[in-house]
Amino acid sequence: MSDPSSQTQDVQALREKLAEAEEMLRAIRAGEVDAIVVNGEDAPTIYTLKGASDTYRLIVEQMSEGALTVSSESVILYCNAAFARMIGHPRERLVGTLITGMAVDADAPMLARLFSETAGGSLSILIKGAGGEITPAQISSSPMSIEGESVHCLVVTDLRRQEMLAQAEKLSALGQLAGGVAHDFNNIVQGVAGCASIIGRYSCDAVKVKKYAQMLEDAAWRGASITRRLLALARQDVLQTEAVDIPTLLEDLRSMLSHTLGANIEVRLELGHNLPPALADKGQLEAVLVNLAANSRDAMHDGGVIVISAEAEAVTPVRHAASLPQGRYVRLAVVDKGIGMDAALLKRAVEPFFTTKEPGKGTGLGLSMARGFAEQSRGALAVASEPGHGTKVTLWLPAAGPDATQCAPRDNGLKTVTSGRPRVLLVDDERVVREVLTDELTDRGFQVTQAESGIAALTLLEAGESVDVIVTDLSMPGIDGVAVICAAQQRNQRLPAILLTGYAGDPATLTIGQRINGPVILLRKPISGGQLADHAMLMLEAATRF
Amino acid sequence: MSDVRYALTLFITGNTPRSMRAVANVRAFCEGELNGRYLLEIVDLYEHPERAQPANVVVSPTLVRSLPQPVRLLFGDMSDKQQLCAVLKVA
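Protein chains in written order, with the numbering used here: chain A, 226 to 771; chain B, 119 to 209.
Among these hints, one or two may not hold up.
[To be verified] Below are the DMTMM-like pairs computed for lysine to aspartate or glutamate, each with C-alpha atoms no more than 25 Å apart in a straight line:
1) B:Lys207 / A:Glu241
2) A:Lys750 / A:Glu677
3) A:Lys353 / A:Glu317
4) B:Lys199 / A:Glu374
5) A:Lys617 / B:Glu168
6) B:Lys207 / A:Asp235
7) B:Lys207 / A:Glu677
8) A:Lys433 / B:Asp121
9) B:Lys199 / A:Glu665
10) A:Lys242 / B:Asp198
11) B:Lys199 / A:Glu257
12) B:Lys199 / A:Glu247
13) B:Lys207 / A:Glu665
14) B:Lys199 / A:Glu248
15) B:Lys199 / A:Glu317
16) A:Lys353 / A:Glu298
17) A:Lys436 / A:Glu665
18) B:Lys199 / B:Glu149
19) A:Lys617 / A:Glu665
20) B:Lys207 / A:Glu248
21) B:Lys207 / A:Glu245
22) B:Lys199 / A:Asp668
23) B:Lys199 / A:Glu298
24) A:Lys353 / B:Asp121
25) B:Lys199 / B:Asp121
26) B:Lys207 / A:Glu257
[Stated by the list, open to error] Partial list, derived from the structure: chain A residues whose beta carbon lies under 8 Å from chain B:
27) Val236
28) Ala238
29) Leu239
30) Leu243
31) Glu245
32) Met249
33) Val262
34) Ala268
35) Thr294
36) Tyr303
37) Gly313
38) Glu317
39) Glu690
Source of the hints: derived by calculation from the structure; they are not laboratory data.
In this text, a Cβ means the ideal position worked out from N, Cα and C, and glycines have one as well.
If we strip away everything but chain A, and leave its shape as in the complex, we get:
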């Protein structure tokens, strides 16, 4: 039997427990609690009476940005783990404190004003971490009322982290791009170096020299095709559209692909009847189709058939699946029975730099370039794929109208000027470009005077150099090509001028029309001697008509 004092203590403890139980019941009845915990056989169940939502709570807790609720007096009522990490304090030390104490002194009043406003808003401030470190942050505030209490919901973005992420993404994308482009260029450089070496050794063997010179030129055009594809991706390239005979192009392509894709890949063509020519840049279209065929090959590890089809399609005013406007189109498709892509991969497939290939095996630019090309050509691109069943890439290009004129095809033949020997002032700071273009133009009947800079060109003009046409590089140190042309045309307003540039997106090119009043055309490097001579002759003929 216990002693009386012990009994008194027990009674006192029981009274306190009873008081506690009564207090709890009172709190429940008065609506002062949020949840009731019921202990089940396996695990307790929490019955939420009012308030928090599990879904949103989980999202907020997993956000990489800081999330807070703050009273109108700037007191932190809640913060998520990300904000606690950003500040460097445990959460329980942050709740109940003034958020204004976390801003640097100069920014604290601005932050306090944000919570006194009823409309909410956004501002950039510097916040202080636990160790005194300063973090630039963007704070967005949305005021709301919870159970009659006015609070502000904040999202705090660490601007430094955001910048680092963007930088990391950019570097990763550049790395992938550099790897893929290096792979393509190395193949070309390998060919160029080999050809040059053979030409050097067999300089007296005209047949060999001719053969390898042709291969050198082909390699150079392949290199040019890569830079054009990159520029097309950046939508800064100018497409040279022409009416492209699709059956001829696809036949040529099939012949080329059957030699390059590997022995276990068959390329089959399916061509519709009455196929109109497509209005597109022929070189770019070839590059796009080669890329798509290479993707198909890579998707069929054990080989198989790649079907390239072409059909005419008339798009009616009814909304088209690929959002094409009404008109006549050529619908090209590259179909394989490869591994295919699931919905998630498919969604990302046309993103620039996205690739499923190993590093160095591809740039991830194929499909995004194809889409860029299709859109620039006023067409469209669609990708359909299913894991295990293959992929179909469809490309719509506008059909060329009956009056579509074909652009001058690349002509490497040697045509010469028909009358006289026009004088060309050739300005370029790259010696190799100067030398090669001089020889090309001289072979075609022009007299060429070289200038290695804008200043040298102006000096020659000042000294009275007689010129019928001026050919100049756009970007040069000191005086650029536009300034050279302006100076030359001040002396002779009708002097034909050709501006060469390796970069169609150069900001200077946008203002050429405003800066030059005389006849001028802009041509993109690389350009063949034949093309340059043709343009020079056309401009000279036009000049003589006035």
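Could you slot chain B onto chain A? The hints should help.
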């Protein structure tokens, strides 16, 4: 000054205003009245429902004083400072 040390656990459920008010009020009380003589743990019952039963917690928010003994419980948003002082027996 008393050197009694307090071990407190506040059980809340997520970020409801009442739970957050409870955290803020208990924190303010501890800083103002217990002068560093306390350990305060905040337990979110959504994350740790298994912590409820051993502590005899059946509603949220609940503040549990484990030390000094005996164990005492307090309910609601802890906005009544006098009640906090009385129940926690803070002199």
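*So which of the earlier hints does this model not fit?*
Hints 5, 7, 8, 9, 13, 19, 22, 24, 27, 29, 30, 37, 39 contradicted; others consistent.
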